[in-house]
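Peer 1: Residue strings, one per chain:
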Amino acid sequence: MPQGVDAPTFRKALDELAAIVGKEWVFVDELPLSTYRDAYSPLADGELLPSAAVAPANMEQIQQALKVFNAYQLPIWTFGNGRNFAYGGPAPRQSGYVMFDLKRMNRILEVNEKYGYALVEPGVSYYQLHRHLRQIGSKLWVDPAAPGWGGVMGNALEHGAGYTPYGDHFIMQCGMEVVLADGQVVRTGQGAIEGSPHWQSTKHAAGPHFDGMFTQSNFGVVTKMGIWLMPEPPGYKPFMITYEREEDLAAIFDAVLPLKINQVIPNAAVAVDLLWEVSAKTTRRHYFDGKGPIPDSIRKKIASDHDLGMWNFYAALYGPPPIIENNWKLVEEAMMSIPGAKLYLSRENDPAWDYRIQLMRGEPNMTEFSIMNWIGGGGHINFSPISAPDGKEALSQYNLIKQRCHDYGFDYIGEFLVGWRDMHHILMIMYDRADEVMRKGAYDLFAKLVDEAADAGFGEYRTHLAFMDQIAKTYKHNDGALWDLHHRLKDVLDPNGILSPGKQGIWPKAMRNQG
Amino acid sequence: MAWDVSRRTVMSGGAVGAVVAGLGIGRSALAQRPRKIIVIEETEVPESRLFAQTFVNSGRAARVIRIDRSLNGLLHELEAIEGVLVGLTSDPAAMIAEQILVAGGARPLLQWTHQYRKLRWEHQTVGAPKLLARASVGWPSVLAHHMQDALVGDRQDAELRCQSGHCGLDGKSPGMLVSWAFEAGVQHS
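Quick mapping for you: the protein sequence lines, in order, are chains A and Y.
Heads up, the first sequence is in my numbering, so the first residue is 5 and it goes up one at a time.
Heads up, the second sequence is in my numbering, so the first residue is 3 and it goes up one at a time.
Heads up, some of the hints might be wrong.
To be verified - Examples of chain A residues lying across from chain Y (beta carbon under 10 Å, computed):
#, residue
1, 219
2, 220
3, 221
4, 232
5, 285
6, 288
7, 289
8, 358
9, 373
10, 375
These are computed hints drawn from the structure, not numbers from a lab.
As the structure is a computational prediction, the values presented were derived from the model and not from experiment.
Note that the Cβ used here is the ideal one computed from N, Cα and C, for glycine as well.
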């Protein structure tokens, strides 16, 4: 039951919601509600359970439903596709929320081949958009997250990343339609000009940019979003380079930074550690049955058995073949200058290579889930600090985090992804979700890392539900002025505090000091 | 309006594990005798192949859906499927199948786990502990027979754990597997 609402009142609200969306689109039973749990939660079973779910079909139903939520002051948790696993999936921030499930709104409203964009609703997945583009004979690519069942809109709103040159999804977003808590519909950018055909072509308009305000937030319900799509290039050259030593990480990023900043390597290049890379093809139990992190001697055997390095660098070149070949000379000279580097332009029978190559050319796949076999039991939570792509900084961050993983008995399993000027470090803390001690250890390790990373100047770009408040508190410049601003906006835009309370540590006034 | 009736859902996004974990199937669990059994084979996993082959050999499998290691087939094949679906798959494949099937309104019938630890397989099932414990590397075949019985209601009630004798682990096996069954395409009341 939602907090502060009694059963008769809740039933009455559900009746009104059923009258809006149809009885078959209001859910209260255990089985359908179980689909809104976090499959990999680091929390104990029974936490973060919704009270009901409501699935509107269009913007008008959203507007009407918001009136009911406001009238009864029901907290709702809005999502589009619900595949945000490792960060909480579709689960609500607190038990008792009503899930506001927008998956029925899954229309691809426009594909513009000339200007290279699509306009989509919240429920459109990467697979769906990819299939649609192929069906209509489009030469545009999607840039899927890994795995590809995620939502095009949801991933961009969560600041997610992919692996083609269009890998920073929020940068590639252009134009939104948002329903505010009071039901008012706002279009951003050129969408605010009646009949403008340029809504998805330019981000710019007179006045402030508001699009970012509706990402990782709870200020409105985004119902349409434009996304730029990359035209299929005339040439594509993917490659992998393996590096023998952990400390090579610094040299890798010192070499890659100028290549990235000058767009010689245009895509989201990634340095993948040994265990992440090998976990698509084997499991820990094949090498080590003991507790704690895998010993170095066994790591070396794994690397040797699978022709891998301690770091495995993936990137690709795109464009007309003569340009690719010219740029390749620069890449080869820089990246192969590190002693022990080995270049691969193809690999036989290697699922990790296969799925990376697919991702870098915009083909959605689900292979990355198979790395969860490494431990077995599927639990994982991603710790994602962000920084500049500097070699020394990357190595220092790696050493800090790896040591903490080992202190808590976990393997370091991670990757570093380089964007336009940024570096995303993704640590995947894997655990058997049936092993309570391991699950608790993963939670404690994560909590420790948040504070230690913040002390070292690293903030997270995205996080699991369970750590949103803790991470919000690490952004403490000028007595937390940034979150004060979020809260001031929240109070004005959503005075009843119904929209996703607590999302990213942004709470409505009535819930702000609940402890 | 009563809000306690089952409804078909078209949504997904989280684990149904808490609903089905460790549960066997009741004598009236299937809406009717299995019209057809569709077996999901994760082709890269040797135990999954043996499990599927046993269903085929017994004549109970109307169809085998083979999933390669991209796992993409789970999304393409399971979206609008009807019948009783069974599988012995890796844990990630089981999770994806669960998400897709429950999203399509399928009802979970059973979910058992099989984990290789310290040179033995540990099985958490409903029924058949002795058979599974004795089976060693042939356990997926025993499991397939046991599941066939369970699906028509001939099974024991208690949730059981058992352990095999010492045996090896195939280099292609993930070592942590889930056996599962869903009934899809049936309206429940």
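Peer 1: Evaluate each hint against the coordinates.
Peer 2: Cross-check of the supplied hints:
1. 219: For residue 219 of chain A, the interface hint is violated, since the closest Cβ of chain Y sits about 19 Å away, which is over 10 Å.
2. 220: 18 Å, violated
3. 221: 20 Å, violated
4. 232: 25 Å, violated
5. 285: Holds, about 9 Å.
6. 288: Since chain Y brings a Cβ to about 9 Å from residue 288 of chain A, closer than 10 Å, the hint holds.
7. 289: Where the cut-off is 10 Å and the nearest Cβ of chain Y is about 5 Å from residue 289 of chain A, the hint holds.
8. 358: 7 Å, holds
9. 373: Because about 4 Å separates residue 373 of chain A from the closest Cβ in chain Y, which is inside the 10 Å limit, the hint holds.
10. 375: 8 Å, holds
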